[in-house]
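Protein chains: 2
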Amino acid sequence: MALTVVGSIAFDSVRTPFGERDRMLGGSAVHFSLAASFFTTVRAVGPVGGDFGEDEFAVLRARGVETDDIEQVEGGETFFWRAHYGHDLNVAHTDDTQLNVFGEFEPKLSPASRHTEVLFLGNIQPELQRRVRAQCDAHLVALDSMNLWIETTRQALLAAVGEVDCLMLNDAELRMLTEEANLARAARAVMDMGPSIVVAKRGEYGAALFTGEGFFAIPGYLLEDVRDPTGAGDSFAGGFLGYLDGVGAEVAGASDAELRRAMAYGSVLASFNVEGFGTERVQTLTRDEIEARLRDFKRLTHFEEQPVPDSPSR
Amino acid sequence: MALTVVGSIAFDSVRTPFGERDRMLGGSAVHFSLAASFFTTVRAVGPVGGDFGEDEFAVLRARGVETDDIEQVEGGETFFWRAHYGHDLNVAHTDDTQLNVFGEFEPKLSPASRHTEVLFLGNIQPELQRRVRAQCDAHLVALDSMNLWIETTRQALLAAVGEVDCLMLNDAELRMLTEEANLARAARAVMDMGPSIVVAKRGEYGAALFTGEGFFAIPGYLLEDVRDPTGAGDSFAGGFLGYLDGVGAEVAGASDAELRRAMAYGSVLASFNVEGFGTERVQTLTRDEIEARLRDFKRLTHFEEQPVPDSPSR
Chain Z
1 MALTVVGSIA
11 FDSVRTPFGE
21 RDRMLGGSAV
31 HFSLAASFFT
41 TVRAVGPVGG
51 DFGEDEFAVL
61 RARGVETDDI
71 EQVEGGETFF
81 WRAHYGHDLN
91 VAHTDDTQLN
101 VFGEFEPKLS
111 PASRHTEVLF
121 LGNIQPELQR
131 RVRAQCDAHL
141 VALDSMNLWI
151 ETTRQALLAA
161 VGEVDCLMLN
171 DAELRMLTEE
181 ANLARAARAV
191 MDMGPSIVVA
201 KRGEYGAALF
211 TGEGFFAIPG
221 YLLEDVRDPT
231 GAGDSFAGGF
241 LGYLDGVGAE
251 VAGASDAELR
261 RAMAYGSVLA
271 SFNVEGFGTE
281 RVQTLTRDEI
291 EARLRDFKRL
301 THFEEQPVPD
311 SPSR
Chain E
1 MALTVVGSIA
11 FDSVRTPFGE
21 RDRMLGGSAV
31 HFSLAASFFT
41 TVRAVGPVGG
51 DFGEDEFAVL
61 RARGVETDDI
71 EQVEGGETFF
81 WRAHYGHDLN
91 VAHTDDTQLN
101 VFGEFEPKLS
111 PASRHTEVLF
121 LGNIQPELQR
131 RVRAQCDAHL
141 VALDSMNLWI
151 ETTRQALLAA
161 VGEVDCLMLN
171 DAELRMLTEE
181 ANLARAARAV
191 MDMGPSIVVA
201 KRGEYGAALF
211 TGEGFFAIPG
221 YLLEDVRDPT
231 GAGDSFAGGF
241 LGYLDGVGAE
251 VAGASDAELR
261 RAMAYGSVLA
271 SFNVEGFGTE
281 RVQTLTRDEI
291 EARLRDFKRL
301 THFEEQPVPD
311 SPSR
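Top line first, the protein sequences correspond to chains Z and E.
Residues 1 to 314 (the numbering used here) are what the first sequence spells out, left to right.
Residues 1 to 314 (the numbering used here) are what the second sequence spells out, left to right.
One or more hints might be untrue.
Claimed, not checked - Computed Cβ-Cβ distance ranges for the label pairs, DEER-style:
#1 E/Gly103 / Z/Leu148: 42 to 52 Å
#2 E/Gly19 / Z/Gln98: 46 to 56 Å
#3 E/Thr286 / Z/His302: 25 to 35 Å
#4 E/Met191 / Z/Glu106: 49 to 59 Å
#5 Z/Glu289 / E/His302: 17 to 27 Å
#6 Z/Gly214 / E/Thr97: 33 to 43 Å
#7 Z/Glu305 / E/Glu127: 24 to 34 Å
#8 E/Ala181 / Z/Thr286: 23 to 33 Å
#9 E/Asp96 / Z/Leu148: 36 to 46 Å
In short, the hints are calculated from the structure, not lab data.
Remember, it's a predicted structure, so these values are computed and weren't measured experimentally.
Where a beta carbon is used, it is the ideal one built from N, C-alpha and C, also for glycine.
All chains, please: the whole structure from these sequences, using the hints.
Below, the structure is given as structure tokens:
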């Protein structure tokens, strides 16, 4: 089993009420790769500049991520993002975005990356996502996007959505994309476009899964110490798709139980992501810690029904 | 087992994108009473005007709600609220509030209401909540409030919170009351004030429960047809406390399993509430429908962990 991800590979400068970091390793492909690496072999695709050094590559390789398809543009500069968060950690305020080498990026997948079982199209321009998708024969293709592309390149995004099996968006973006105020109806509208799986990410409130069979909802793992939410959505996607690929689930064959467990693993990986700045926490994470939190998560979200005695008045 | 509730008994005029109703039966004590009536005997306390007629009393009595302590003020007018909702059903826009008989209300509990096991102080002025609380020897007292009282009568509200066992607030209001951005820390700050149980209501996203033992989170029951969210929080509280009283749970003795089931019943009652305008849906509700949705809710929110095969890369 192997999984290919295309997305941003970045330097992020982030300030939250709990601290700040300058030019730390980030980007959707990075957060996704590290999370998925606990479950399967991950091949990362994307461009970096000459300023992307051995230290950055080492973080990915330490988790076994295949970096052959990370294209280093000599003389170019790596994608850069600067943002801050106020007390509402659900909202990132972007202060600066420099596309740099991403502005000229033309994805070229190696044979190994073309033939993985799962492909994740991280949040980049929809036309780039489509060109990657056309090169890859994965049996499960998932796509993330954002309000920017819904507003500025809507037609290209709709075409990209029509070519994938699974759409993963924030709930507000799902409503925006489909112009449906109700989340369940929005998910159904997406399924009418092609995808058979829709995941609505709901920030600290968790996530919801929609398939032809029905829906499944999971709350967020409650934490007392959230330091930096950057990358939480990509870590969720990495845990979700990494788990599915690791157990060899096929898109048509993924059982309901497998998809639910994938949602739980996604939530667990996202919860570790936000405990530290950037990739700090996930870099030191172990599979045992993941399994322990999964058990804890189940304990914190499950209830048992039991016959209730008849009430005196009824 | 019996339960006393004090709160508003109202006529509500509500418009949502899905329709509108003029002067329908509403108010926190009404929504709460109907929801709790499926589990235990409920005694409603509050004032109404001469305009409150047999039709309105009949709705409560049809569900077995004891109305002896509903004080009818001849010549007075019943509390009135007019509001509308846009596509974001999480936000009510109040257009008019007329306190009417509530402006002069001096609660007087009958002996039967003083001696119930559970007391719910619905969202009214904190000083009124305190005067009711002082008259009642319930072993489990819960309180709801709102941003208005946090802003305008903060000291009285803090005193009221210090006198109850359970605080039930929206998550934003919990953060506002405690000035803590993190929900888990906000809940702990409330427990330092006295209550041993804190319930954070999160609208369509569900609810979270905090006790000395830890926390529990439950997503909202996803619906394709939400018509009017008015009263959902009170129906949640009615299902939650009604269930606890129905099984004879004591505040110190309520088991973790009982509290979780109470959260699930609260969510189920809230989900029925929002399917119709005002009390329309709950008026026709049956216990069998509640149990069927509880089973469905469990199915839609539970996952099973299972050992995962070692990934090839780790």
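These are the hints, each one checked on the structure:
no. : hint                            : verdict
1   : E/Gly103 / Z/Leu148: 42 to 52 Å : 51 Å, holds
2   : E/Gly19 / Z/Gln98: 46 to 56 Å   : 50 Å, holds
3   : E/Thr286 / Z/His302: 25 to 35 Å : 26 Å, holds
4   : E/Met191 / Z/Glu106: 49 to 59 Å : 57 Å, holds
5   : Z/Glu289 / E/His302: 17 to 27 Å : 23 Å, holds
6   : Z/Gly214 / E/Thr97: 33 to 43 Å  : 40 Å, holds
7   : Z/Glu305 / E/Glu127: 24 to 34 Å : 40 Å, violated
8   : E/Ala181 / Z/Thr286: 23 to 33 Å : 29 Å, holds
9   : E/Asp96 / Z/Leu148: 36 to 46 Å  : 40 Å, holds
In this structure, the one hint that does not hold is number 7.
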